[in-house]
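K.L.:
The chain contents come next:
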Amino acid sequence: MKDEERIDRALDGQLSPKEWEALQTAVIHDAALRQLYVERALLHGQLRAERELLTRLIEDDFAPIALSRPRFWLPAAWAAAAAIVTGLIVFHLRPVNPIETVATLAEAKGCKWAGSDLPTSEGSRLGAGRLALVEGMATLKFESGATITLEAPSTLHVLSKMHCRLIEGSLVADVPESAHGFTVDTDNMQVVDFGTRFGVTANTFGNSQVLVFEGEVEVNRNGHDARRLTTGNAVHVGDPPPHDQEVTRSTPTGESRDGWLTATTATGRGKDAYVRRGDAHGPTGAHPLLMVKHTELAANNERRIFLTFDLSNMPLRNAVEAELTLDVEPSGLGFSALVPDSRFSVYGLLDDSLDNWAESEVIWNGAPASLDGGLDLQSVTKLADFEIRRGAPPARVIISSAELLQFLRSDRNSLATLILIRETGEFDRQGLVHAFASKEHPRAFPPTLRVKPAEHP
Amino acid sequence: MPESVPSNDAESYLRLLNAHERSLAAYVHGLVPSMADADDILQECKIVLWKQFAEFEPGTHFLAWARRIALNLILNHRRSLHRRAAAPIDEQFIRSVACEIDRNSDHLERRAEALRLCLEKLSKPHRQAVFWRYFEDCEIAEIASKSNRSEGATYRLLSRIRQILNDCVTKTVNAGTV
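Note that the protein sequences, when read in sequence, are chains A and B. The opening position of the first sequence corresponds to residue 15 in this note's numbering, with each subsequent residue numbered one higher. The opening position of the second sequence corresponds to residue 853 in this note's numbering, with each subsequent residue numbered one higher.
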């Protein structure tokens, strides 16, 4: 008889006393057999423990009407005993729902969903399945006590009350002690919680990141030893973002279809870059993303964006309208749950001599009109501000103001430099870094300035 | 005692129990062959856990603590059986199996999660057989008569289902999807 069969027979009570004793002795002395026995015995035990699931499966099979009556209640004796121990233990008296709830969609304000096979209205009870959030932020409360805030755009597979899988996007998990062991998978790693708040991001290019806000997690990756991560630490798995994209530079252009004139940061002598306090990564002029962040919690994460447009061939003197267009892109850094709706300001650089900054050299120290604590307000003028809502999907931001128009009209050296800063700080050091496409971005549009010339008489 | 325990203790007990109840049940059912005995032990265990909850150190592993208490109850239960009839299982055997479970706790929890996914994939006739055997606690002979099979065929069917489940669980765990 094979070992597996011998064990199964034992668990079914089919072995003779003698065979049973022989098996017990063998299990005590043979480590490999003991391991096999434990796996089989627990499979057997788990099948008995899965009464709710078994009831549901059978009801699914044989009762086409979804809402059949619960087939059984928790053992009455336990319920009664619990009631004697304390009146507080009342929820054990409730009949067991035949369709097992794994989590509840606790908050889903302003959410838009696509391709989900779970209900998406607020308060819905969720079984295992898929959620695809395209806009907004949704909060899921798992039965284990873990809470997940999902940020659009994200796709999440809910697997059990202790387990989910982030296909893409980002989430922040709050895990109380009752849910120690709560696990979030991505394509290339697994994060097991040990009582924490942590965030996970994943994108479809195989990049994943985990950040521990508080507490401790274990990170498992194929081919690597498990690694413990504590408060404030992060692991990034995957390729760094692409650098040195080819940029197709255009010459200063004529009119577009609707009579507006356009210049991008790839036009003529145009340029774009961001700087970060501390300059740990050197000049960023060739980066596909322009990142901006304001924080009072982690000084070296402060970032500002510089854009210069080549205005030659743009007859601005009589222009009647001007607008700046930016494509919002996910930065893959930080979590929007930790940043409120964010305000941004656009400043114009007044000192023409400072327009000559170089993309390959610009860093925090010595960036145009920049002091460490803020912009040098003698050298800049505020042109506009705008807001990006928390959890807003990547979109195009169009900024237009009389001040912007006036600033462009008064230009004298055919170069206009705009500086973009975020005014809004964050609740937590791991708050979102906002990003816009730069001219090096492979798909999105570069920062673009559009000007409407004077109406022809 | 209930009066002296602050209500948030009851709440955290319930949260912890709720989170680990299934694992605890699997543990007891895995170590106690009789389903009725295992159910009795589990009920008793939950009451003991609550009575001793003040001794549980927050931040430590609730399931490990609960398993220790359950193991004592299982051994006590075995000793009481021993006085009545022939001991079904040897104490040393139970201890060595229990110790192996503690040692492989995480791996076994992953297998338990995988099992849930695998159960969903079973065919209807297989689910029905599992339901009779594990939910209704039917003997092989009863399942045989319910499903119009011989006892031998029923036994082979159950073995095959367990093999399917076991293979699926192993595959799922190895694939890292749980």
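Among these hints, one or two may not hold up.
Listed next, the in silico DSSO-like pairs over lysine-lysine satisfying Cα-Cα at most 30 angstroms (straight line) [claimed, not checked]:
1. Lys976(B) <-> Lys16(A)
2. Lys16(A) <-> Lys973(B)
3. Lys998(B) <-> Lys973(B)
Calculated directly from the structure, the hints in this document are not laboratory data. Computed from a prediction, not measured in an experiment: that's the story for all the values here.
K.L.:
Please go over all the hints and tell whether each is borne out by the structure.
P.N.:
Consistency of the hints with the structure:
For a cut-off of 30 angstroms, the pair hint linking Lys976(B) to Lys16(A) stands: about 28 angstroms separates their Cα positions. The hinted pair formed by Lys16(A) and Lys973(B) meets the criterion: a straight-line CA distance of about 26 angstroms does not exceed 30 angstroms. Simply put, Lys998(B) and Lys973(B) have alpha-carbon atoms about 23 angstroms apart, close enough for the 30 angstroms limit, and the pair holds.
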